[in-house]
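Visitor: Below, each chain spelled out in residue letters.
2 protein chains.
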Amino acid sequence: MYIPTLDDMLAAHERIKPHIRRTPIRTSDYLNELTGAELFFKCENFQEPGAFKVRGASNAVFGLDEEQAKKGVATHSSGNHASCLSYAAMLRGIPCNVVMPRTAPQAKKDTVRRYGGKITECEPSTSSREETFAKVQAETGGDFVHPYNDPRVIAGQGTCSKEMIEQVDGLDFAVAPIGGGGMISGTCLTLSNLAPETKIIAAEPEQADDAYRSFKAGHIIADDAPKTIADGLLVPLKDLTWHFVSNHVSDIYTASDPEIIEAMKIIWKHLRIVMEPSSAVPLATILKNPDTFKGKRVGIIITGGNVDLDKLPWLNT
Amino acid sequence: MYIPTLDDMLAAHERIKPHIRRTPIRTSDYLNELTGAELFFKCENFQEPGAFKVRGASNAVFGLDEEQAKKGVATHSSGNHASCLSYAAMLRGIPCNVVMPRTAPQAKKDTVRRYGGKITECEPSTSSREETFAKVQAETGGDFVHPYNDPRVIAGQGTCSKEMIEQVDGLDFAVAPIGGGGMISGTCLTLSNLAPETKIIAAEPEQADDAYRSFKAGHIIADDAPKTIADGLLVPLKDLTWHFVSNHVSDIYTASDPEIIEAMKIIWKHLRIVMEPSSAVPLATILKNPDTFKGKRVGIIITGGNVDLDKLPWLNT
Chain L
1 MYIPTLDDML AAHERIKPHI RRTPIRTSDY LNELTGAELF FKCENFQEPG
51 AFKVRGASNA VFGLDEEQAK KGVATHSSGN HASCLSYAAM LRGIPCNVVM
101 PRTAPQAKKD TVRRYGGKIT ECEPSTSSRE ETFAKVQAET GGDFVHPYND
151 PRVIAGQGTC SKEMIEQVDG LDFAVAPIGG GGMISGTCLT LSNLAPETKI
201 IAAEPEQADD AYRSFKAGHI IADDAPKTIA DGLLVPLKDL TWHFVSNHVS
251 DIYTASDPEI IEAMKIIWKH LRIVMEPSSA VPLATILKNP DTFKGKRVGI
301 IITGGNVDLD KLPWLNT
Chain E
1 MYIPTLDDML AAHERIKPHI RRTPIRTSDY LNELTGAELF FKCENFQEPG
51 AFKVRGASNA VFGLDEEQAK KGVATHSSGN HASCLSYAAM LRGIPCNVVM
101 PRTAPQAKKD TVRRYGGKIT ECEPSTSSRE ETFAKVQAET GGDFVHPYND
151 PRVIAGQGTC SKEMIEQVDG LDFAVAPIGG GGMISGTCLT LSNLAPETKI
201 IAAEPEQADD AYRSFKAGHI IADDAPKTIA DGLLVPLKDL TWHFVSNHVS
251 DIYTASDPEI IEAMKIIWKH LRIVMEPSSA VPLATILKNP DTFKGKRVGI
301 IITGGNVDLD KLPWLNT
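If you read the protein sequences in the order shown, they are chains L and E. Each residue of the first sequence is one higher than the last, beginning at 1 in UniProt numbering. Each residue of the second sequence is one higher than the last, beginning at 1 in UniProt numbering.
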């Protein structure tokens, strides 16, 4: 297991800068009053493909040597990693093969195809996915870019908090959602080196709280088929992300689905940005733990903005 | 009739800078491909009270002398001007009286009150509004700040396009929605002086096209009770805004309500910002007139972001 270093993250930032956006920070006097804290929202939903995952994906894609680049990249994902990897591969002009369950939403498949990704469908089971992926990789020779348990991906995600501390001084806390732990690991990598005084809080849906339970138990515990509105956060920790979580995260807070939906609506209304349920988990946990954050400067990573506008979670449609 | 000058606009910017946000520009590769143009969206929906109207309102409020300031300001409005004037008055700590029809949405009344504005309700008719407003003004001595036909307001709105041309070079077009004409007049004031090569296009709902018909006829024509989803654009031109529109606007383009709703959804999905139907009229007209804008650099003012998240126009709820 290779653990990415500060130098890897700094090299990643130089490598991906031409291909990603330096996303802005949004603030709201209203939200500051509501929480008694100073909140700084880093808007990764404003990346062109709508998610921070373009950072790790671009780092992997643009780090390939010419020979490997010809064969392209491959992954399995039904979410933002699939579209962000396709997007990065399109920018470099190399093939991207994605294995997706045939049951994945049509909109997700459309986005991958719009960016030139080639989809191979599998059954919605782990065995079918692994079997199909092994076949695709053998046929194409594409370099496997795991959605989060990959040092190149973690180094790429770490560039987000690097920008955040360049944009905002003296953060007491950084709060980001946790699923597989890619963003949180990148945040740990960067802040433990460049801003060790900033505490890192991971925010997780109560209904998919495997990272919370792992953190308390001291070893990885995987959920069995978790179900939450925050559908970007369903996957379990792996060895590399567990390394960062167990060594550098201060605490993991959880919030219920109704609390996540309420926080999401507050952000849409007062920050006036379109973002995903997963990205609302940090604010939901801050609203739930006011004493922790009162009077503090808090950086929050809005991880993504790809949401079905016809099915908003606060509307019964 | 006093016509505001470039110096008035420059003074306005110095006056209001501490109280407003220098809002960011958003771009989208996807929207550029879709239109064949380079589009730059100036996000006035990111002002704290959610609309560009905080510029004109702040210029009026912070320009009052001490004696008048004690008596505060007054207006009649059921929209963003009411909340933005209340917000500016709250920042200066002076009274703000607003006459609103009793039928105005509860959310709009709540926002005005949250900012400390005092509401006096009238019947939803012009005669009742004028009578009630005269009474309120006589009682309070509040300085009348018209929503748009006021040189201080127009000078304030002009600061938006001043920032836009500082943020984006070489614009071929600036496109903004037109209702009463406050934003368009401010844009004319600024660009005719500082960027005379930039053509100004006003964008108007077909179903409230009084400005379009006035522009073609050469004199002000008022609509009788227009009805459109773009509910910020229902009011007619007045003498001061007519002066700017008739002298400096290159053309007025219109779009239907379904076209406005489609453009709004495209912006939410691809720019990932929350904005009002009124602010989607410019993109709707650009999509409708591709040959005009192809290959051009186009600045678009996203005028506001106060929208009822429970009643989105593309959903039948």
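The reader is advised that the hints may include incorrect statements.
Heads up, the list lumps identical chains together, so a pair's fine if it works in one copy or across two of them.
Only pairs whose alpha carbons sit at most 25 Å apart, straight line, appear in this in silico PhoX-like list of lysine-lysine [as the list claims (entries may be wrong)]: (1) Lys269 x Lys70; (2) Lys109 x Lys227; (3) Lys296 x Lys71; (4) Lys265 x Lys311; (5) Lys288 x Lys70.
FYI, nobody ran anything at the bench for these hints, they're computed from the structure. Computed from a predicted structure; not experimentally measured.
Visitor: For Lys288 vs Lys70, is the C-alpha pair at or below 25 Å within one copy, between two copies, both, or neither?
Guide: neither (49 Å within a copy, 41 Å between copies)
Visitor: Should Lys296 paired with Lys71 be assigned to within, between, both, or neither, using CA atoms and 25 Å as the limit?
Guide: Cα proximity of Lys296 and Lys71: none, with 48 Å in one copy and 38 Å across.
Visitor: Check Lys269 against Lys70 for me: Cα-Cα at most 25 Å, and say if that holds within a copy, between copies, both or neither.
Guide: So Lys269 and Lys70 fail the 25 Å test inside a copy (45 Å) and across (33 Å) alike.
Visitor: If the cut is 25 Å between Cα atoms, do Lys265 and Lys311 qualify within a copy, between copies, both or neither?
Guide: both (13 Å within a copy, 13 Å between copies)
Visitor: At 25 Å max between alpha carbons, let me know whether Lys109 reaches Lys227 within a copy, between copies, both or neither.
Guide: within (21 Å within a copy, 39 Å between copies)
The structure is inconsistent with the numbered hints 1, 3, 5, although it conforms to all the rest.
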